[in-house]
Amino acid sequence: GDSVTQMEGPVTLSEEAFLTINCTYTATGYPSLFWYVQYPGEGLQLLLKATKADDKGSNKGFEATYRKETTSFHLEKGSVQVSDSAVYFCALSDEDYGQNFVFGPGTRLSVLP
Amino acid sequence: DAGVTQSPTHLIKTRGQQVTLRCSPKSGHDTVSWYQQALGQGPQFIFQYYEEEERQRGNFPDRFSGHQFPNYSSELNVNALLLGDSALYLCASSLPGQGAVDTQYFGPGTRLTVL
Numbered sequence: 009g010d011s012v013t014q015m016e017g018p019v020t021l022s023e024e025a026f027l028t029i030n031c032t033y034t035a036t037g038y039p040s041l042f043w044y045v046q047y048p049g050e051g052l053q054l055l056l057k058a059t060k061a062d063d064k065g066s067n068k069g070f071e072a073t074y075r076k077e078t079t080s081f082h083l084e085k086g087s088v089q090v091s092d093s094a095v096y097f098c099a100l101s102d103e104d105y106g107q108n109f110v111f112g113p114g115t116r117l118s119v120l121p
Numbered sequence: 425d426a427g428v429t430q431s432p433t434h435l436i437k438t439r440g441q442q443v444t445l446r447c448s449p450k451s452g453h454d455t456v457s458w459y460q461q462a463l464g465q466g467p468q469f470i471f472q473y474y475e476e477e478e479r480q481r482g483n484f485p486d487r488f489s490g491h492q493f494p495n496y497s498s499e500l501n502v503n504a505l506l507l508g509d510s511a512l513y514l515c516a517s518s519l520p521g522q523g524a525v526d527t528q529y530f531g532p533g534t535r536l537t538v539l
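As given, the protein sequences belong to chains A and B, one line each in that order.
The numbering used here puts the last residue of the first sequence at 121; the count rises by one with no breaks.
The numbering used here puts the last residue of the second sequence at 539; the count rises by one with no breaks.
This list has only true hints and no planted wrong ones.
A few chain A residues that face chain B, going by a derived Cβ cut-off under 8 Å, partial list only:
hint, residue
1, G51
2, N108
3, F111
4, G112
5, G114
Hints listed in this document are in silico derivations from the structure and should not be mistaken for laboratory results.
Note that beta-carbon positions come from the ideal geometry of N, C-alpha and C, so glycine has one too.
All chains should be modelled from the sequences, with the hints used to inform the complete structure.
Shown next, in the form of structure tokens:
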């Protein structure tokens, strides 16, 4: 079945450092790919998405490119802020899965001032 | 415009008991999905309700059941609680006609602890 793998955390960075969180997926069809963020005590929020190969999703300085050849969707940000501290989830949605999400295990990011 | 709301916020039960969690979808949404998020893990899809019927189900036992009311709100029921049922239960609402799954809006969750 479909699955998502993420780099294990926690990831601890200093403010203004470069961020990469790796995500790879396995799917039978042609899924849409997402990054969600979960701040402490809050629900999941959509950060960005890409619906087909070579699409780049971007939001709030975060970017991820849908790489079909490597089945990857790595999240990047050039300069992180303390306010970016949260748990980040990579997810896919596949028509074969009824358009509900398959989530990765999440990566906790802590940004120190 | 209220988003997705869930109640209660926290709940403590003992093994073998039954629990009911509630979800009110975002205004205008008529589809509700439930997810279980164990500590340190990503959410796992439990089931989805539309037009008061279970439309799709993930890999969860029959102890997990649900209901959707005419006002689109939903309940998640778990019978014969096990320690492993301790988790954050997330509700998400959406409009089915949109097609794009990113129209699912998530609530803050109910934290269930089973002792």
